[in-house]
Amino acid sequence: MKPVELASSLFSSTRDRAFPLSLVAVLTLFVLWLPDFWTFLFISALTTGLIALSVGIVYGRARMVSLCQFSFAAVGAWVVGWLNVNYNLPFVVMILVGGLAAVPLGALIGLLSLRLRGINLAVATLGFAAATIVYLRQTPFPGSFNGQFVERPAAFSSENRFFLLCAVVFAAVVSLVGYLDRRRVGRAWLAVRYSERATAAVGMSVARVKLAAFSLGAFVAAVGGGLLVGQNGIVSLRSFEPFDSLLIFAVAALTGARYVDGAIGAGLLGAILPELFRRWGIPLDVAPMLFGVGAIYVLSQGAEGAHGQLREQWRARRASRGLPTEGTGPARVPEPAGSESGPAFPPSGRGGRGTANRAGQPVLAIGGLTVRYGAVVALDRVDIDILPGTVHGLIGPNGAGKSTLIDTVTGFVEPAAGRVLLEGSAIDRLPVHKRARAGVRRTFQQGRAIPDLTVGQYLQLAGGRPEEFEDLLVFMDCPPVDRRISEIDMARRRPVEVAASLLGRPRVVLLDEPGAGLAEDESAALARRIADIPERFGCAVLLVEHDMTMVVGACDGITVLDFGETIASGPVDKVLEDPRVVEAYLGVPIEGVSS
Amino acid sequence: MIDAALSGLPSGAAYALLGVAVVLLYRMAGVLNFSIAVFGAFGAFIMVSLFERGLPFGLAIAVGVLAGLALSAAMGAVMAALFPDTDPITRSVVTIGMAISLFAVAFRIFGDRPRSFPPLFPSVSYTVSGVSLKLSGMVALGLASVLAFAIWLFLRRTRIGVQVAAMSTRSTTAELLGIPVRSYTVAIWALAGAIATMAPILAAPTRQADFTSLGLLVVPALAAALLGSFHSLGLTVVAGLGIGVLEAMAVRWPAVSTWRTTLPFFVILVVLLWRQRGEVWDEAR
Amino acid sequence: MSCALRISRLEVPRSGFEIVRGVDVDVPAGQVTVLLGPNGAGKTTLLEAVSGVIPASAGSIHLDGTDVTGEGRVRRARRGLSHVEQGRTVFGDLSVVDNLLAAAPRPEIGLAFEIFPELDRFRERKAGLLSGGEQQMLVVARAVVQRPKVLLLDEISLGLAPIVFGRLIPVVRQLADDGMAVLLVEQFAALALGIGDNAYVLSNGSIVFSGPCAELSTESEVLHSAYLS
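Line by line, the protein sequences are chains A, B and C.
Counting in my numbering, the first sequence runs without a single skipped number right up to 596 at its last residue.
Counting in my numbering, the second sequence runs without a single skipped number right up to 305 at its last residue.
Counting in my numbering, the third sequence runs without a single skipped number right up to 231 at its last residue.
No lab work stands behind these hints, which were simulated from the structure alone.
Backbone N, C-alpha and C fix where the C-beta goes; we use that ideal spot for every residue, glycine too.
Some clues are possibly wrong.
Computed spacing ranges between beta-carbons, pair by pair [claimed, not checked]:
{"no.": "1", "chain 1": "A", "residue 1": "V378", "chain 2": "C", "residue 2": "Q176", "range": "29 to 37 Å"}
{"no.": "2", "chain 1": "B", "residue 1": "D230", "chain 2": "A", "residue 2": "P284", "range": "12 to 20 Å"}
{"no.": "3", "chain 1": "A", "residue 1": "E488", "chain 2": "B", "residue 2": "A97", "range": "50 to 58 Å"}
{"no.": "4", "chain 1": "A", "residue 1": "A417", "chain 2": "C", "residue 2": "G168", "range": "44 to 52 Å"}
{"no.": "5", "chain 1": "A", "residue 1": "R184", "chain 2": "C", "residue 2": "D95", "range": "34 to 42 Å"}
Just chain A, with the same shape it has in the complex (with noise of 0.2 Å):
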């Protein structure tokens, strides 16, 4: 990231960020009035809110159950303390290589998570926290033997001081976070908790999301842990105890700290509350009690936390106001297309890299593919080729293999045999999401537009670039780009998972049943869309439907699959007549397909 773009993000005047940054700035002032004493504690409140900071971007964001935060805020802390001991560095230098080297072990735990997930993650986490304390309580912190402290830097040696170096590295991280926020990664976050699937159709790697989220979150608590040994100067390494990582999850769950005010205010509940307590003659342990008790009625009215749900009720009165309510981003209302960038999408029909000038090759050939689940044959050497230009439909009875051979041309599942040609070189050996970046493009029966994103922030993780978008929803008829997908019917988010899978130039587009649940005059006006697809935007269709006016409506040819095996192929008013398609689909011959 360039400064320029760093202290943009920082002083961005955006409404979303505007609330939390004066949060801040208030806070700031009030507390450097404060006397030492107090400040200390904001101090604590701050190292404390990174942590609860990077359980929000772990679980807040990606929805990954990770229990070990304060074990990667012990990592920060024992190399500062080390650093320390055996180099002479500067202290922010120190923080910064703290956060750094808990970066591989939150990739080794990130690993994990592309295998275990949910529950199972939970497990490994704590298991995780439960066996770095026993090293922990082994291990002496580096310099407490010859009372070697960590010192703050002389111009930050006072508590004031000291504290608006702390709220300064806190400002940076969050700016780091947003950043990403706004760029695929962070949109994918959202994405993996929903789908992974999803996430790997739209070319985002999976492991990298989840990784990048890990090692993310390691590094915000490690510099927490980092600062933490400068406001003391010395730490003991066995009070980074499981018990904490669990306290501070369920206090991260009740804020909601995947919002920037969410985890400072988690700080303030976990530094402040606990000395007000003591002032006031209520038992220190009464503040935990109110944390569980709390996180649980929080999780009750809401996934997101307290500021989740203030959040929301704010965006509902804005939406009741007609105003705007998503502000950020490239998700921004775009400007009209081709006012200076050009045409926003390829030129029609001939557009794309050269097909044109290999006209007559099929831009998808599959070849003999089959499938088998165990004794099962879901796909038997079914071969298919969709030429440029076309829109090819794929029908057949439940369980013929239709969605299976779109999960197979996409590489969600391995065949027995058989291969797939994009444009004459070979896609097989390649994983979901690279199959996506080079041009297959798929969406799903189910429909898997991620609901926690804005269909332009959608749009944005799907590859598009946001003077493409205006173009693009007009045409697919579908909802603004400000409007959030949770709140659009799961019949209509389908022509937008429709728009999402044309972006980022596909050369062929698998569309699974994006007509479900439409009434039959939308189906026909998607079908008219979707014979458009084609010419419009230089790519392929291959279109799975069960609506029979849309397939009659949209498509140039025609398969027919039953039980895994082809059992007619080519222009769609002869394949419709067959007598084997009748018996085995159609039961009755379809009135008005052959007028």
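Once you have looked at the hints, place chains B and C on chain A.
Chains B and C in isolation, oriented as in the chain A frame:
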């Protein structure tokens, strides 16, 4: 060596019982309960407090188990009332909240100093072909196995068992079929709470018995449940006993003795990663 | 009281929006009552309020003359209301027989294989391994073995091949002829109207038409305007 291994049986049985409680709750009530050992510790501490005040041992145990059962049932009722249609992850996070609150409450009531738990059985041992079998170890082994088998049989062979299995996958659909999901859920929590209380009562006489340690018995129990894939009661029992035995053997092995409590974690990790190697994608299709 | 299910002036909110606005529907025993409407009209929400999945904010629901508006899902189910949800909600890990056992005691589940003999050879197969059509048959059968007085069917055609839906629809007619009160919610009008007695058209949360199915089949502009609005 065999003697050392057998001395791990009471701890192993405790892990096994807690593991069974974890698996029950996960399979039937859709929640990974991080607070289950805290419920158990509560019951066990109530037992010990009553015993110290002169209540007969058997009665104290009965009251303690009932207390663990009641506490767990109450928490189950909270879960059923507040989180009826919630995903397992969120529910599991809720139990983290429960654990934290209950730890705090327990420190209030019981303090954090270790209590001395009376041994359940007289220290009788029988020598069979040169190996001495302790009564406590044998009973612990038997209790864990019999309980797990009885539960398995009930779930497998009765219509209520089928209904419970049904509600665990689709609770709303189950309710629409007239299955009393809330009552069943609370009953499962209650059963799990009772089982979880037996665990520390078995294990506490042989180890450091402060409230935190007993509450954190959940970690090896989770490990056992993990090895049982959160599904198989039999495997969970075997895994729990195995972890107990492994720990006991490590005590005699100076090189790893200090780190023995971390051993299970690494074993689990390897087993899990190997077993899950095919799980390339999450379940959301 | 001739109506097995009477819905009166029912209002149902969902995440702050009024989705169903003052709807009256009568579902008499022995008839198939068809509820049509475009996507997003509130059909599923209405059914969910009737069975108690979500609460209604105003109005009343009577089952066989008893007001059940304040009761929970389980109570309503035990009074003889069966709601077949959208999306083939089989218990995927359970066998076909266990799916049925979850709903009714063993002596009563034979009925399932009488109405759908196709399921007989899959008795011990896990429901999750059945095809979409077979799963849909199973969820309908699972409701029917409870011998409900009122059967709510939510878009059982969704995602099914026409031939499979064609197999289900005469069964629905037969159930009504045997005395059940059926409320059939559909997106595809033609087949449903073919076997229905009375029809309602829901649009934007309100009933815009009610009358005999035959009448609606001929007055296609009623349907059309409802679907276009």
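Comparing the hints with the structure gives:
| no. | hint | result |
| --- | --- | --- |
| 1 | A:V378 to C:Q176: 29 to 37 Å | holds, 35 Å |
| 2 | B:D230 to A:P284: 12 to 20 Å | holds, 19 Å |
| 3 | A:E488 to B:A97: 50 to 58 Å | violated, 33 Å |
| 4 | A:A417 to C:G168: 44 to 52 Å | violated, 34 Å |
| 5 | A:R184 to C:D95: 34 to 42 Å | holds, 40 Å |
The structure fails to meet hints 3, 4 from the earlier list, while all remaining hints are met.
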